[in-house]
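Colleague: Listed below are the residues making up each chain.
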Amino acid sequence: MKILGKVVKYGDNINTDYIIPGRYMVLTDPKELAKHAMEGIDPSFIEKSKDAIIVAGKNFGCGSSREQAPISLKYSGTKAVVAKSFARIFYRNAINIGLPVLECEDLLDMVKDGDQLMLDLRNGKIKNLTSNKSTQAQPLPEFILDLIKIGGLLNKLKRTKG
Amino acid sequence: MANIIEKILSRASGKKEVTPGEIIEADIDCAMVNEITGHLTIKYFHEVGAKEVWNKDRIVMVLDHTIPAASVEAAELHKIMREFAREQKIKYFYDVGRGGISHQIMIEKGHVKPGDVVVGADSHTCTYGAIGAFSTGIGSTEMAAVFMTGRLWFKVPKAIEIKVNGNFRKFVTPKDLFLKVAKILGVSGANYRGLEFKGSTIKDMSIAGRMTICNMAIEVGGKAGIVEADEKTLEYLKGRVNGPFFIAKSDQDAEYEKTLELNADDLPPLVSCPDAVDNVKPVSEVEGVELDQVFIGSCTNGRMEDLRLTAEILKGNKVSDKTRLLIIPASQDVFLDALKEGLIEIFLLSGATVANPTCGACYGGHLGVLASGEVCLSTTNRNFIGRMGSTKSKVYLASPATAAVSAIKGRITDPTSFKGD
Ligand code: SF4
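One line per chain: the protein sequences are A and B, in this order. Going letter by letter, the first sequence gives residues 134 to 295 in the numbering used here. Going letter by letter, the second sequence gives residues 921 to 1341 in the numbering used here.
Since the hints were made in silico from the structure, they are not lab data. The beta-carbon is built from N, C-alpha and C at its ideal position, and this holds for glycine as well. The reader is advised that the hints may include incorrect statements.
Beyond 10 Å from chain A on every Cβ pair, some chain B residues (computed) [claimed, not checked]:
1) 1064
2) 1186
3) 1196
4) 1253
5) 1283
6) 1339
Which stretches of chain B does chain A cover? Using the computed rule of at least three CB atoms under 8 Å from a CB of chain A, they are [said to hold, decoys possible]:
7) 1014 to 1023
8) 1090 to 1104
9) 1222 to 1231
10) 1322 to 1335
Pairs of lysine to any residue residues, derived as SDA-like cross-links and limited to a Cα-Cα distance of at most 25 Å, are as follows [what the hints assert, rightly or not]:
11) 289/A x 245/A
12) 217/A x 999/B
13) 1260/B x 1241/B
14) 999/B x 156/A
15) 1312/B x 212/A
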């Protein structure tokens, strides 16, 4: 499970109101939500969201339980989020909807906007193809990898609803 | 040697004991959705081909974020919720005019008991720790799984013990206490952790105050906030829930990751400054900041205790010409009690706007959205950039006492210096 994308950098405490402001919570179409991804902090994000790998600091996704946050990122074309740490509910939501998330302490200082990255979800290896430097993220637990592999919790439920 | 949360999770997962870090599957006692998260849950429920919810009496559905509907889009979400509730014969569906803010009615209407495991598709579900339940926020997809199975996996959290002793000074409140905790722990200081509040100050605190501090556990990243159920809890629950309850108490030698010891005696009124909840200062240090709007309400501070405190300060006074004051009771019941006690009249005579129970201004949805450049002092729980409207507005968080005095002055003012007439 390898993911290729280009870096979009943010700092610490990127909260769910930045990722998708509350006033858009009335929207039901994921593609409409995606038009406003990261609008609370970076209205230019949608111009660079295709194949983006967001690289951020501590506590990414803090705040609300709104699943619209990872959904808006996923439908904006974002491939994955790598952060120093994640807020708990966002982390679970991202996995459940099939947006890969990895925790890595030192990636943020190793990349600049636009760098090409390759993530290997299976072992947590991250390679910056632009600078040719590598680092290691925390590998994902087996059951989380399985969830990502089948495309999220919904697909798992479809199989097990029996 | 287990703490309250470990005891509750052991019981719900049918295990003798659980240890922090362990992943368990627990039976869910009650599950709550609002219209913002619930419409997705319903969509997913249908998408996977599920036919019937696991238990129609243990699901609570609430319209609270935008009520009454302020747009066609909001009305459509309400409709999805209403139709699902009818089709599935959900026993507890709180439509417009029937409930209020979800977290208030979950406790007030007796949907939560001490010792329960409760999940809600809203991050402030952690509020119900106030009566000794383990409750936490989850996403819409997981909620679809709960709707189908009544079970969910949890990682047993490490716990942080917060011991508070002493008495608050007049016009210092549980909100100020939590802001102190936020200042110490920081916005991610309790990430994945449970917060257990104890000590004489907590023993003396009303259920409303306990709800305020547990409500904000998520603002430091907490998975849950919790207070051991005691006589005050049982007294509150009379007529709301019938026992038996599972009252979990932490053992003397229960383990905590760390302990914070605080004293309420010398706690000053505090304010959380833009744009982070842990950017906390004494009100006295930011006195004088001019306010365009003051908002008193929300699942954090929209209860009778909060409204009584507000009325005590507003009585016979007028809201400054420089600002506008918006007061929203947390539920229909709170609204009615406030009406009976004459509080609503005091609010209206002071020049405040009183709106129907809803989240409203709290998340920048409707009823009191901020324009660019505006500054608001709010009794809510978040002050992120753009939380209450324009990304160019600013939000300060404080107690209802600080909010009410500041509304009279038109600028941030320390309530402990307030003398009234
Ligand atoms: S009052 Fe505010 S914080 Fe509470 S549930 Fe509503 S939007 Fe969320």
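Colleague: If a hint holds in the structure, say so; if it does not, say that too.
Modeller: To see whether the hints hold, each was checked on the structure:
1. 1064: 7 Å, violated
2. 1186: 30 Å, holds
3. 1196: 7 Å, violated
4. 1253: Holds, since 25 Å exceeds 10 Å.
5. 1283: Label violated. Min Cβ-Cβ 4 Å, cutoff 10 Å.
6. 1339: 38 Å, holds
7. 1014 to 1023: That given contact is violated, which follows from only 0 residues of the region 1014 to 1023 of chain B lying within Cβ reach (below 8 Å) of chain A.
8. 1090 to 1104: violated (count 0)
9. 1222 to 1231: Our answer is that it is violated, as 0 residues pass the Cβ test (under 8 Å) against chain A, missing three.
10. 1322 to 1335: violated (count 0)
11. 289/A x 245/A: 36 Å, violated
12. 217/A x 999/B: With a Cα-Cα distance of about 40 Å, the restraint between residue 217/A and residue 999/B is violated, given a limit of 25 Å.
13. 1260/B x 1241/B: 28 Å, violated
14. 999/B x 156/A: 19 Å, holds
15. 1312/B x 212/A: 30 Å, violated
Violated hints, in rising order: 1, 3, 5, 7, 8, 9, 10, 11, 12, 13 and 15; the structure is consistent with all others.
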